[in-house]
Structures are given as structure tokens and as C-alpha cells.
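J.: Listed below are the residues making up each chain.
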Amino acid sequence: MSTGSIAWDATAGTTRKPLVETLHDWVTTVDHKRLGIMYVLFALLFLVIGGVEAIIMRIQLMRPLNNFVSPEVFNRMFTMHGTTMIFFVAMPLVFGFANYLVPIMIGARDMAFPRLNAFSFWMTALGGLLLYSSFIGGDGLYGAGNAPDVGWFAYAPLTSQTFSPGHSTDFWTLALLVSGVGSIGTAINLVTTILCMRCPGMTLGRMPLFAWLNFVMGGLVILAVSPLTAAQLMLMVDRYMGGHFFDTQAGGSAVMWMHFFWVFGHPEVYVLVIPAFGIASEVIPVFSRKAIFGYPVMVGATVAIGFISMSVWAHHMFTVGMTSGANTFFVMTTMAIAVPTGIKIFNWLGTMWGGKIHFRVPMMFCVAFLFQFLIAGLTGVMLAAAPFDWQLTASYFVIAHFHYVIVGGILFTLFAGFYYWFPKVTGRMYHERLGQLHFWLFFIGFHLTFDLMHVPGILGMPRRIYTYEPGRGWEIWNVLVSVGTLFQAVGILVFAANLIWSYFRGAVAGNDPWDAWTLEWTTSSPPPAYNFATIPEVHSRRPLWDLKHPEDPDWKYE
Amino acid sequence: MSTASLTAPAPTLPWRLPSKGQVGMYCLIAAELAIFTIFVVAYLFYIGKSLSGPQPRNVLSPPIFFTICLLSSSITIHFAVKFLQAGKTRSFALWWLLTVVLGALFLGGTAREWHHLIYDEGLTIQTNLFGTTYYSLVGLHAFHVTAGLLGLSSVAIFSALGLVRQEHAERLEVLSLYWHFVDAVWVVVFTVVYIIGR
Amino acid sequence: MLPSAQYLSPTNIFAPISTPADTIFGLSIFVLAVTGAIFLVVFSLLVYAAVKFRLRPGDDSREPAQIYGSAQVELAWTVIPVLIVVVLFLAAARVIASIQNAVPPQGAIHVTVIGHQYWWEYRYPDLKVVTANELHVPVSDPAHPTPTFLTLLSADTDHSFWVPRLAGKTDLIPNHPNHMWIDPHQTGLYLGQCSQYCGVQHAMMLLRVYVDTRADFDRWVAQQSQPAAVNEVASEGRRIFETTACVNCHTVAGTPAHGRFGPDLTHLMSRDTIASGATRNTHEKLRAWIRDPNVLKPGCLMPAMGLSDPQIDAVTSYMETLR
Numbered sequence: 001m002s003t004g005s006i007a008w009d010a011t012a013g014t015t016r017k018p019l020v021e022t023l024h025d026w027v028t029t030v031d032h033k034r035l036g037i038m039y040v041l042f043a044l045l046f047l048v049i050g051g052v053e054a055i056i057m058r059i060q061l062m063r064p065l066n067n068f069v070s071p072e073v074f075n076r077m078f079t080m081h082g083t084t085m086i087f088f089v090a091m092p093l094v095f096g097f098a099n100y101l102v103p104i105m106i107g108a109r110d111m112a113f114p115r116l117n118a119f120s121f122w123m124t125a126l127g128g129l130l131l132y133s134s135f136i137g138g139d140g141l142y143g144a145g146n147a148p149d150v151g152w153f154a155y156a157p158l159t160s161q162t163f164s165p166g167h168s169t170d171f172w173t174l175a176l177l178v179s180g181v182g183s184i185g186t187a188i189n190l191v192t193t194i195l196c197m198r199c200p201g202m203t204l205g206r207m208p209l210f211a212w213l214n215f216v217m218g219g220l221v222i223l224a225v226s227p228l229t230a231a232q233l234m235l236m237v238d239r240y241m242g243g244h245f246f247d248t249q250a251g252g253s254a255v256m257w258m259h260f261f262w263v264f265g266h267p268e269v270y271v272l273v274i275p276a277f278g279i280a281s282e283v284i285p286v287f288s289r290k291a292i293f294g295y296p297v298m299v300g301a302t303v304a305i306g307f308i309s310m311s312v313w314a315h316h317m318f319t320v321g322m323t324s325g326a327n328t329f330f331v332m333t334t335m336a337i338a339v340p341t342g343i344k345i346f347n348w349l350g351t352m353w354g355g356k357i358h359f360r361v362p363m364m365f366c367v368a369f370l371f372q373f374l375i376a377g378l379t380g381v382m383l384a385a386a387p388f389d390w391q392l393t394a395s396y397f398v399i400a401h402f403h404y405v406i407v408g409g410i411l412f413t414l415f416a417g418f419y420y421w422f423p424k425v426t427g428r429m430y431h432e433r434l435g436q437l438h439f440w441l442f443f444i445g446f447h448l449t450f451d452l453m454h455v456p457g458i459l460g461m462p463r464r465i466y467t468y469e470p471g472r473g474w475e476i477w478n479v480l481v482s483v484g485t486l487f488q489a490v491g492i493l494v495f496a497a498n499l500i501w502s503y504f505r506g507a508v509a510g511n512d513p514w515d516a517w518t519l520e521w522t523t524s525s526p527p528p529a530y531n532f533a534t535i536p537e538v539h540s541r542r543p544l545w546d547l548k549h550p551e552d553p554d555w556k557y558e
Numbered sequence: 001m002s003t004a005s006l007t008a009p010a011p012t013l014p015w016r017l018p019s020k021g022q023v024g025m026y027c028l029i030a031a032e033l034a035i036f037t038i039f040v041v042a043y044l045f046y047i048g049k050s051l052s053g054p055q056p057r058n059v060l061s062p063p064i065f066f067t068i069c070l071l072s073s074s075i076t077i078h079f080a081v082k083f084l085q086a087g088k089t090r091s092f093a094l095w096w097l098l099t100v101v102l103g104a105l106f107l108g109g110t111a112r113e114w115h116h117l118i119y120d121e122g123l124t125i126q127t128n129l130f131g132t133t134y135y136s137l138v139g140l141h142a143f144h145v146t147a148g149l150l151g152l153s154s155v156a157i158f159s160a161l162g163l164v165r166q167e168h169a170e171r172l173e174v175l176s177l178y179w180h181f182v183d184a185v186w187v188v189v190f191t192v193v194y195i196i197g198r
Numbered sequence: 001m002l003p004s005a006q007y008l009s010p011t012n013i014f015a016p017i018s019t020p021a022d023t024i025f026g027l028s029i030f031v032l033a034v035t036g037a038i039f040l041v042v043f044s045l046l047v048y049a050a051v052k053f054r055l056r057p058g059d060d061s062r063e064p065a066q067i068y069g070s071a072q073v074e075l076a077w078t079v080i081p082v083l084i085v086v087v088l089f090l091a092a093a094r095v096i097a098s099i100q101n102a103v104p105p106q107g108a109i110h111v112t113v114i115g116h117q118y119w120w121e122y123r124y125p126d127l128k129v130v131t132a133n134e135l136h137v138p139v140s141d142p143a144h145p146t147p148t149f150l151t152l153l154s155a156d157t158d159h160s161f162w163v164p165r166l167a168g169k170t171d172l173i174p175n176h177p178n179h180m181w182i183d184p185h186q187t188g189l190y191l192g193q194c195s196q197y198c199g200v201q202h203a204m205m206l207l208r209v210y211v212d213t214r215a216d217f218d219r220w221v222a223q224q225s226q227p228a229a230v231n232e233v234a235s236e237g238r239r240i241f242e243t244t245a246c247v248n249c250h251t252v253a254g255t256p257a258h259g260r261f262g263p264d265l266t267h268l269m270s271r272d273t274i275a276s277g278a279t280r281n282t283h284e285k286l287r288a289w290i291r292d293p294n295v296l297k298p299g300c301l302m303p304a305m306g307l308s309d310p311q312i313d314a315v316t317s318y319m320e321t322l323r
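Chains as they are written, first to last, in our numbering: chain E, 1 to 558; chain R, 1 to 198; chain Z, 1 to 323.
No wet-lab data here; the hints were simulated from the structure. Please note: incorrect hints may appear among the correct ones.
[Stated by the list, open to error] As a list, the in silico SDA-like pairs of lysine to any residue whose alpha-carbon atoms are at most 25 Å apart:
hint	chain 1	residue 1	chain 2	residue 2
1	R	Lys20	E	Tyr530
2	R	Lys49	E	Leu233
3	R	Lys82	R	Met25
4	R	Lys20	E	Gly471
5	R	Lys49	E	Arg239
6	Z	Lys285	E	Ile56
7	E	Lys556	R	Arg16
8	R	Lys49	E	Met236
9	Z	Lys52	E	Gly471
Please construct the entire structure, taking both the sequences and the accompanying hints into account.
T.: Quick look at the structure:
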């Protein structure tokens, strides 16, 4: 198999391009690698902003009856924090990684529709800008600065003109409509790329799991983001055309908004976590020095998760008054999804078993992910038992649960992915010690905050409250939870410092610093604009393993 | 562990992958179907729940003629593409134009129906649940017809300028997929609004 | 109930004193035990793998045996979780049925709860009592149960009724009546609060459920059924109340005040707290509240009426006659 590992340096032998020209290149690019990088940088910026919003809330909640911020500001904080983190941090991160890596992993030169790719990125960016312009935008009843304050799931009829006059809700709706178009565009691109642009020999059964899992994610985005778009169009009809979709005074149904939102909202969390599983499925084998255990089962389990995830949504609605039959149905589907999810954890464990585990920073984050995602999944099983959920939902227990999944599961694997692929993208190794410092700071902070956060939920503290009465037994837990955010914040700063320092001063990485096995490691670091000089041909799931081990290639066993 | 009978990997058979245009369009159609499904579910759920105002059985009459126009346009576009694939650009142009005309007739019919509903029956999107769901669902569909017609008309103009050739047949087949989708959705919308809902 | 759980917090879900909360507690212990066991097993295996198979210094760089999978192992770790899930599902399904499908017995008390931004309206249709923010129910003897069945409605946005020691939460959604029940076995005051974000002052929409002995409850009902006490001392305050916009929102039974937008004030002084539990019902707090509600609860829907100090004093005195 031939590879294209000649780096092409456009500046070799010429003077450096003027800054304006470089900026213009980036703004007009349709190259999946550059768009991937832009998605990730955009997401990191919003990660910091969303983090500040969280810190503001945590300071307010450190004491009962505190007045660090007013109730209006607090309510905007939790709305913006949730909306930002889901739509302008997690989704762009996931799309950024997919954009950069999937074409290279399948031996293609770019995505199927490069211009659609660029359009989708800029729609997402526009959405973020629109949402944040709300802080300085429109009029409203509460005075200057009107970020939305209806919660990230914007339940009706709180979002009607009656209860949310002014434009704050509209910023939420429009920003997400716009970025939703971008998301659907990226998903169409991903699915088409994976089906139509694999290199010769790369059957679907030989694709890296990261590609497979992003394929399932693409399908889920297509099926799940569209319902949100529909519901938001209905909300706009209600707010601006006098419609009655969610107008309870006219006989409309507030519960219907909930159904439509959660039909989007539940698969959405799988959209975020499945690519995270994909990262774990690349990192764990390489750092255990073993092939992934049970590749076909991993694919099957993920597809099963994708399908089942579209049938569990009303477990977010166990308290709205559905019949016992309906509640029971959703208990069943929600518990069912735990089975393929557990299978994946066991398969990762099986990959590590009998291996030779190198505890470099990417693997440290993945091992923490395994242990944290196990806990997150188990608290999910607790919540799936609807009567238990009747106590725990809308409380700090559920906030702890989903942050355990999103931060402890998804963000940790994304960090693993950052460190794993940083050498490929930049051509430099990250600083190992700084990476370890980031890991430990963040690990301690994460556990301090989110382990303890389960307790106030059990002790009756609801979510979305800007303050609370003393004497409920919640005070000490809130203080400790807030302290944990400090560690996490410092950890993020260390991470950012590492990225920046290593970009300029890291050791040169070479094509394949990890001795890994998938196609991205055959090309230079960073890859040339065309990815491969010649399109490769593959015969197994680990083409580089075959090259490195001609006496024992994978294609003998697959 | 497997066996020594394999000494070389199996050769890669002629490597054929699906067409990007087709797969991309099917994905777009899937996303649009998901959007329509939500509007259809809302329509079905709200049948009979309006607290006041005109009711479907009193004001709606099934637009049979215009439906036939729209559904026939699927047939005409199918023939148009077939002709182009065979290189018969004159026939292609004719049948393509016919498709545009039939689509425009459908839109005209919708406009006429809405005019009647608003001015004669007093049904607007604000009137009641029926009005909201009816105009939203039928309107969403009409919006998709309009978007499709814009695309089809552009092609008609290119064709009139002699710019459309046999090698463009595949792209036009992808566009025609969109048009078939719009027609198929109309079958569902028609059934839900004029049959089930009345 | 876990011993001393109620001392950790007055709203501890593990300190139930009413059947729905009890049944949920039982289920939760079972679920915790099962998930706890799963956690211990998988966690131990993870730790074992991470320790046993870690790279040792001086290890040669040969790759370990490449194991691609095992059908038997996959089957085992599919079947066992399926069985566990079936058991958990059946346990949950039983509790759902027992709570949701309960039929009110003969002696049940019926209360209609109407959620407002940001207060609770309570109407007892059979007992002809209307009150706000502090719910009184009789204690229920398991031998002769007298549960309270609540019908939950909303006048505006979504709310949720959550008193953890009595039951799981149930939402109040406009145009979507819901039902729940409680049968507290112990007298006392039980706390909770609104648990579905309903607007600016969601955090201060507190719940206070007074579980009384039967005798106390009957006494309370009798008192609440009376029209407002008439006291000549407060006639000036009453005049201001009835000629300012107060009557547009508030009801005082037996007077021209018939407003339904705000809480019924007929027996305001029978309540320990005002502003839906946000502060104690003392002279100073009541006066401050009437003067400007937005100081205590910024964004609440009761406006400051712009009364002068003597007017506020008069109105406060009038309120204090409403026992």
C-alpha cells in the first residue's frame, strides 16, 4: 500500500503570506481539516464562556438567600449555560473532530460536499453570535440585556408572548434554528462521505470505529434535530403569527411541546456521546496495544443504541401526568438502552484485558471516562425507574447525572481525543507533564463537584432556583460543589496553556508518534491539503498493523 | 486464531460506491420527513380540539384537480429525466416544462383555496387550532413546492438557453428525487387534512 | 425510612412518611442495591485490568496477543444485563401501578391545587374551603386510611408539586389536569417547593403541608369556612383595600373583594408565612410586603400600590384582623 507522506509546505522558499491573506484563506476555506479546526476553536471559546456562566451560578448558590446576582440574571445564566454547552460547545466539538478525522480515516481527500461543509460551519457560528447578541439586543420587560431566561428546553407556555414578552425567547429560537440547519448539513455530509467516499477495500466492516460511530451520529442528527426545527417553527408561529400550537388558553397543549422537544432532546445526548465512544474506541486499543475487542458487537450495539434512543424520550416527562401504561413503556425502553451501552463498556474492558497499557495522557482520560461513564449509566438506570424519578427528576440529582455523562463521559473522552490527535493536527507533541496536571486538576474538581451534587438532589433541592432557604440541609453541599469548579477552571487553563505552548514549542511528532494502526497515521503531521498523495487500498481494519506486522496481518483473522 | 490457507488478502473487487448526489438527497429527504412528521402529528392530535371557529368539515373541500396536477407532475418529471438520459433534449425540455406548469397550477390552487378560506370562511392561522395547524402544515408543504419549483424553473431556463445536456441527467435525477418527495408528502398531507381530519 | 434521615434535611426523599414516598423509597433501595452491586463488580474489574495489564518498566516492546472477540463472552454479558433489566423493570412497573392507579377510598379528602406564578391556591370542593400557600390535611391512619387526593391545575405556566417526604413530584400544567395522592402517617409540617421552572420567582414558590390530627383538621376547616371577621378597628384599612386595586386580585369572603388573581386573604392571619412561604407572617414582614412586594420577591406579580405610610399601616391593620 502506498502512502502520501510528503508534507507540502506552501511557504517553503517564499516569504510569509500577509495576515489578511491567511485570514481570507481560513474564512473562505472548504477544506475539512481547516473547518474541523475552526469548529474546535469556536467550541473552546464557548466552553470558557459557558464555564463562566456556571461559575456565576455556583457563586450565587454558595450561600442561602445570597444576592451575588439577581433572579433575572441567574435565570439567564442557567438558560445560556445549558444552551451554549449543548449547541455551541459539545456539538461543534463533535462535528469538528468528525470533520477533521473521518475523511482521512476512510482514505478520502475531503468530505462529500465541501461547500456545504463550510456553509454548515458558518451557520453554527452565526447561531452562536445570534444567541450572544441577546445580551445587548432587544427590549423586554426586565430592562437592559435580554438573554433568554426560559431554560434550555424552553417549556411552553412560559415561552409564549404572554409570559415571555420582548425578544429574549426569540434569540433562543432563531439561534438554534440557524445552527440546526448547520448541524443537519454537517450530518448529511458525514453520512454521504462515509457511504460514498471510502477508499478501495474499505468495506463498512473495515472502517475505524470512530468513523462508524460518527456515521450513526449523523443519522441521529438527521432524524432528531429536525423535530426541534419543526417545534421551533411552531413556536415562532405562536409568538408572531398568533398561532395556538402551544396556547393552552385556546385548547393547545403544553405537553406537546415537551414531546417534540424531547424527541429531539434525548437522541441529542446520544449525538454527543456516540462520537465520544468513537474516540474511546480508537484510543483504548492503541494504548492497550490490542485490537478493539468485539468490533462487530461494538457496531451492532451502537446502531441499537441509535435506534432505541429514538424511543425513550418521555423519560424526561415522567412527572407530567402520562398514564401508567405510557410511563411503564418508557421505563422499559430506557432500561433497554442500558444493555447495549453496558456491552460497550465491557468490550472496552475486554480490550484492556491482556494488553500492555500505556498510561499516557490520552489513556488516563479514557480510563477515567470508563469509570465515570459507568457511574453515569448507573444513575441513569436509577432515573429510569420512573417512581424513583418522580422524586429525583428536576432536582440536583438529575443535574449531577447528566453532567456526569457530559463532563465525566463526553468531555473526558474529548480531552483524550485532543491529546491523541494533537500531534497529527499540529505536527507537535503536547507537553506530557502539563497534560497530567490538567488531568488531575480536572479529575479532582469534577469529582468534588459532581459526586457531591447528587446529595442536594436526594435532600430535596430542585433545579433552576436562584436561591434557597437556610435549614434545608443543602448549604455545605453547595459550598463544596462550588469549590470543585475552581479546580476544573484551573484545569482548563492548564489545558489551554498546553495547547498553545506545545503548538509553538512541542517536540516534532512525525507521522505516527503512537505506533497506531489507522489511516490517519500514514500521512504526514499535519497532513497535506490533499490528505494522501495516492488514495490507499486497505485489506483489514488496521492497515498500518498489517504493514508493521506482515507475518501476522489482521486480514487473516477478520 | 485462523489459518495458514490465506497467504494474501482477498483482492478488492471492482470498488463501487453509491452516488454522492443520491445519498445526499435521500439524507435531506429523511430530515425533511422528520420535520413534516412533527407537523402531521400536531395536526392529528388537534383534530376536533378547536374550542371555536370554523371546523374542517364545514369549510374544506378536497382539491382533487390540483392534487392530480401535482401527482402527475411526478410522472412528467420522471419521463423528462428518462429522455435526458437517452439524450433526447427536446423531449426532455417539453416534459420538464410540463412539470413546472403542473407544479405552478398546484400552487395556484392552494392560493385560491386559501383566499376562499380567509375571506369567505374567516379562517386564518390565528382563528383556532384548526386554522393554526392547517395553514402551518399545508403552508410548510407549499413552501417546499415553491422551493422545488424555483429549482425546476432554473433548470427550465437553462434548458431554454440550450445549456442542459445528456451528461447532466444524473444531477437532474437527484433534483427529481426531491420533487417526488414533495409529491409523496402531499399524499400524506391530503389524507390527513382532507380525509382523516374532516 | 432511614433512621435520622429526617435530621439531615426536612426534604429528604429517604425520610418518607406517606405511602407514595414509602413505596418509592422501597423501590429506590432495591435499585440502589442492584446498581451498587453492578458498580462494585465492574469497577473492580476495571481497576484490576488497569493495574494488572499496565506496562511495566523494562517490558519488551512485543505486542500482546491480539484477541479480536469472543462470542461466548459477548453472549454472557448481554444475557445477564438483560435479566437484570427485566427484574428492575418489573419492580418499577409494580410501583407505578400502585401509585398511579390508586382509587380514593370513602374517607378521602379532595383538594384542587391551582398553581400560579408564584403561589399555590387550594380549594376543598367538598368542604367549601378556599385558601392559599399552606395546605392542611388530616393525618391518615393506615388501618382506616384518610388520604388526600389532589387535583393539580395551573392558571398560567407549568409548575410542579414536590414535598419529598410525602410523595414524588407531579406537575401542574395548564389545560392538563393531573392527580396525585398523599396519606401522611405522622402529624407535623412538611416542606417542599415548586419544581418546574415557572418564571422569575420559581425559587420562592415554597410548599408547606400541615398534617393535622383529625380534630385539629376539622377545627381548621370550620374556621376557614367562616366569612371574614369584621372588626371596626380596621375600617379605614378595609376602605383603602376595597377602593384601591387590591380587590381586583384578592378575595376576602363576605366582602366586595372577589379577585382570583392573587391569594384568598379571608384567613390570612391563620397562616404562619406569607408570599408563598418566603417569609414569616409577622407585622413587620407583612407591612414590608404590602409596601413593596418586589423587595422580597423581585419579579413577583403583586405590584407596589404606591400607598403612603399611614395608608400602609391601615391596610396592614386590616389584614391583621383577618383571622
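J.: Take the hints in turn and mark each one as holding or not.
T.: Evaluation of the provided hints:
| no. | hint | in the structure |
| --- | --- | --- |
| 1 | R:Lys20 x E:Tyr530 | holds (19 Å) |
| 2 | R:Lys49 x E:Leu233 | holds (21 Å) |
| 3 | R:Lys82 x R:Met25 | holds (19 Å) |
| 4 | R:Lys20 x E:Gly471 | violated (63 Å) |
| 5 | R:Lys49 x E:Arg239 | holds (20 Å) |
| 6 | Z:Lys285 x E:Ile56 | violated (30 Å) |
| 7 | E:Lys556 x R:Arg16 | holds (24 Å) |
| 8 | R:Lys49 x E:Met236 | holds (21 Å) |
| 9 | Z:Lys52 x E:Gly471 | violated (48 Å) |
The structure shown violates the earlier hints numbered 4, 6 and 9.
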